[in-house]
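Participant: Spelled out, the chains give:
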Amino acid sequence: MADQELTLLEQLEKESRAKQAKFIGGIAEKLGRKDIAQKPQHPFRGAPDFWNQLNWTQEEKIERFMDNWQSVGGHAARFQTMEEAKQFIVDRANEFGARHMIRQNQPELNELGLEEALPETDIRVWNSDPEEYWKAHAAGADIGVAVVDHAIAYTGTITVLSSPDKGRSVTLLPTVMMAIIPVERLKTRMGEVMEKIDGMRREDLPAGIHFITGPSRSSDIENDLTIGVHGPGIVYALIVG
Amino acid sequence: MSHGQQASTVKERSHIALNNEFLRKAVKFTTERLRNGKKKATEEHGNWEEWRERGRQIRLHTIAHLDYYLNQFVENARANGVHVHFAADGKEAVELSMKIAASKQTRSVVKSKSMVSEELHINAALEKMGIEAVETDLGEYIIQLAGETPSHIIIPAIHKNRYQIAELLSKEAGETLPADTSILAGFVRRKLREKFLDAEIGMTGCNFAIAETGSMVLFENEGNARMVSTVPKTQITLMGMERIIPTFADLEVMATLLPRSATGQKLTVYMSAISGPKRDADADGPEEMHIIIVDNGRSLQLGDPEFQELLNCIRCGACLNACPVYRHIGGHAYGGTYSGPIGAVLTPALQSNVAEWDDIANASSLCGACYEACPVKIPLHDMLVYLRNRKVEKGYGQTAEKIGMKGFAAIMSNSKRMRSVIKMGQIGQKLVARQGMIKTKIGPLKGWNSVRYLPSLPNQSFRERWGTLEQEVQASNPKMSDEVRQRMEQALEQRKNGGRHHG
Numbered sequence: 001m002a003d004q005e006l007t008l009l010e011q012l013e014k015e016s017r018a019k020q021a022k023f024i025g026g027i028a029e030k031l032g033r034k035d036i037a038q039k040p041q042h043p044f045r046g047a048p049d050f051w052n053q054l055n056w057t058q059e060e061k062i063e064r065f066m067d068n069w070q071s072v073g074g075h076a077a078r079f080q081t082m083e084e085a086k087q088f089i090v091d092r093a094n095e096f097g098a099r100h101m102i103r104q105n106q107p108e109l110n111e112l113g114l115e116e117a118l119p120e121t122d123i124r125v126w127n128s129d130p131e132e133y134w135k136a137h138a139a140g141a142d143i144g145v146a147v148v149d150h151a152i153a154y155t156g157t158i159t160v161l162s163s164p165d166k167g168r169s170v171t172l173l174p175t176v177m178m179a180i181i182p183v184e185r186l187k188t189r190m191g192e193v194m195e196k197i198d199g200m201r202r203e204d205l206p207a208g209i210h211f212i213t214g215p216s217r218s219s220d221i222e223n224d225l226t227i228g229v230h231g232p233g234i235v236y237a238l239i240v241g
Numbered sequence: 001m002s003h004g005q006q007a008s009t010v011k012e013r014s015h016i017a018l019n020n021e022f023l024r025k026a027v028k029f030t031t032e033r034l035r036n037g038k039k040k041a042t043e044e045h046g047n048w049e050e051w052r053e054r055g056r057q058i059r060l061h062t063i064a065h066l067d068y069y070l071n072q073f074v075e076n077a078r079a080n081g082v083h084v085h086f087a088a089d090g091k092e093a094v095e096l097s098m099k100i101a102a103s104k105q106t107r108s109v110v111k112s113k114s115m116v117s118e119e120l121h122i123n124a125a126l127e128k129m130g131i132e133a134v135e136t137d138l139g140e141y142i143i144q145l146a147g148e149t150p151s152h153i154i155i156p157a158i159h160k161n162r163y164q165i166a167e168l169l170s171k172e173a174g175e176t177l178p179a180d181t182s183i184l185a186g187f188v189r190r191k192l193r194e195k196f197l198d199a200e201i202g203m204t205g206c207n208f209a210i211a212e213t214g215s216m217v218l219f220e221n222e223g224n225a226r227m228v229s230t231v232p233k234t235q236i237t238l239m240g241m242e243r244i245i246p247t248f249a250d251l252e253v254m255a256t257l258l259p260r261s262a263t264g265q266k267l268t269v270y271m272s273a274i275s276g277p278k279r280d281a282d283a284d285g286p287e288e289m290h291i292i293i294v295d296n297g298r299s300l301q302l303g304d305p306e307f308q309e310l311l312n313c314i315r316c317g318a319c320l321n322a323c324p325v326y327r328h329i330g331g332h333a334y335g336g337t338y339s340g341p342i343g344a345v346l347t348p349a350l351q352s353n354v355a356e357w358d359d360i361a362n363a364s365s366l367c368g369a370c371y372e373a374c375p376v377k378i379p380l381h382d383m384l385v386y387l388r389n390r391k392v393e394k395g396y397g398q399t400a401e402k403i404g405m406k407g408f409a410a411i412m413s414n415s416k417r418m419r420s421v422i423k424m425g426q427i428g429q430k431l432v433a434r435q436g437m438i439k440t441k442i443g444p445l446k447g448w449n450s451v452r453y454l455p456s457l458p459n460q461s462f463r464e465r466w467g468t469l470e471q472e473v474q475a476s477n478p479k480m481s482d483e484v485r486q487r488m489e490q491a492l493e494q495r496k497n498g499g500r501h502h503g
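Taken in order, these protein sequences are the chains called A and B. Residue numbers are given in our numbering: position 48 of the first sequence equals residue 48, and the series is strictly consecutive. Residue numbers are given in our numbering: position 295 of the second sequence equals residue 295, and the series is strictly consecutive.
Don't take every hint at face value.
As the list claims (entries may be wrong) - Here's a subset of chain B near chain A, in silico, CB distances under 8 Å, partners left out:
1) R54
2) D282
3) Q426
4) Q429
To be clear, the hints were calculated from the coordinates, so they are not data collected in a lab. Virtual Cβ for every residue (Gly too), placed ideally from N, Cα, C.
Take these sequences, add in the hints, and give me the full structure.
Facilitator: Right under this line is the structure:
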């Protein structure tokens, strides 16, 4: 079976390469060129210049982020230390009676000691054993905990990048998501995050880059807002620092 | 997918819609909600015109160099480990998808919303192979259960009320569900969770594709597109060949324009950029990823000065919400995959089908609200005029209309003829005019008078009154000053020599 599949992929690959010249050549021809265009000047790249001047103070960023996150139905809180954030997570887990939790395998979370603080709760660390079926663990979790890579104040958005230690499922499949935002990762504009991504080498890009702005929602039934249709319906943003 | 019995013309289809009171109210309510949301969001954001202009420039630039950017995207996506395929038309795209699906020996495919897949009717093809195709967007899931097609690009089940939805879902659940939104949505969440975990293949559309990194980008609110691109082992993405933007920096502009224009959100709940299958050591994400780049009539607009800008469209649906005709007749009346002003132009343009051009292009009042609403400034109302133009040029005008126009020209070009025709009308209408109105529906008056009345001709026409009017004007107006007269005579002289045009 595997053999046959390989041949199909190889065959499709061959067809694709053969077709590429004709497909893209056809586009060039329609655009009035004999050959495919050389790298063009790109004069209008990204946001207008005036926009790139926008930079809020840290206090403004925190305030605007929390306003935006709450206005779409998320919960937000601010803490001075990771210890306080941990206490908050522990309190919520106890309050909800969480039996299964899953967290990213990040140094900040390893140091947090959630496991000791919640001895009754089964807390899994993403991909800590490559033999296990981690998507199922995430799907069965009541709460998923992650430290974000970036956050954007203007839209109230967090950004998470995938890696072997950071599952995409952790921020997607559990009923509740808790996102810890170290305050120095909070930016004013999306463009600041894009600059970092554009600055990465292609081969260093993660498979998944996810921008998350509040709880999963839908208005598909009679325009009536429903929260938590597929993704987490309860989302916490915990700003630390 | 079965569409049921499709009425053949816009007029017939719109009659079905107009008779359905609920649909009309729902469409009106939804489009108004979305339109107000957009207005609020753009005002709050500020400098909207500058953002629109920037969005237009980026799209114009990318399409003008589509050969370069598409090629760059393909090379980078391949380097990321994606299997890239090319489909010249819908048939090829379906064949490719079926080949991949067949090799996986899968029973079901989970899909997130994709207008391209609607274009290709891929669900029907999968079902023919005995593979269950499950739409996972809440609205799409509902209309799939009903065996219908989307009526709005953003809110596909706009035409269903919650009692109808409860009935559909109850059948699926095998028990009676109350018509309560959160209970219905909760049922769909549980039901589709099973489907996600069960499916071998996830199928997505593509909002944008980034040339410099080979990434594909999805905008959504529910999380189903993330599910489809995270849980199944194989991901197949259907991408219109014009979805390209050069860089992530450009994505900031699209992310500013698209959600605000579509629903008035600052950003959709999820915006996901996926750059290839999962890395070896990752524990989720697809192991195998395919991107099928679809032409299906798009290249017909390339190099066509009147229609190339159609390729700039970012599929936000703002023109639907702004359009007085759409608000009245709803999406199904357009009869194609895309509805509203964009559908009226895109459907005939993609199919290059002259015979169908006339029908949908005439379902527009040419008021320009679609252009005003468009976040990348596509001149849709101009394109509708070009379409009508081409239809007439190709000889698809109506014979009666042609004869009418010839007759009109003959009468209007001769003042004696004009006078006698009006006289005849004034005498003739005595048979049918009552209280200044003509209400009869005989002959050519049928179409007009079935929805409104024709005013009758006045007893004395403007031309007949002109002699008296001129005398009155001469008497009441002070004599023109020499200076003004001189200037006007000069202007008249200039006009004789070819003159100057306005604008």
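Participant: Could you run down the list of hints and mark each one as holding or not?
Facilitator: Hint-by-hint comparison with the structure:
1. R54: OK, holds: R54 (chain B) within 8 Å of chain A, min 5 Å.
2. D282: 6 Å, holds
3. Q426: 53 Å, violated
4. Q429: 49 Å, violated
Comparing the model with each earlier hint shows violations of hints 3, 4; every other hint is respected.
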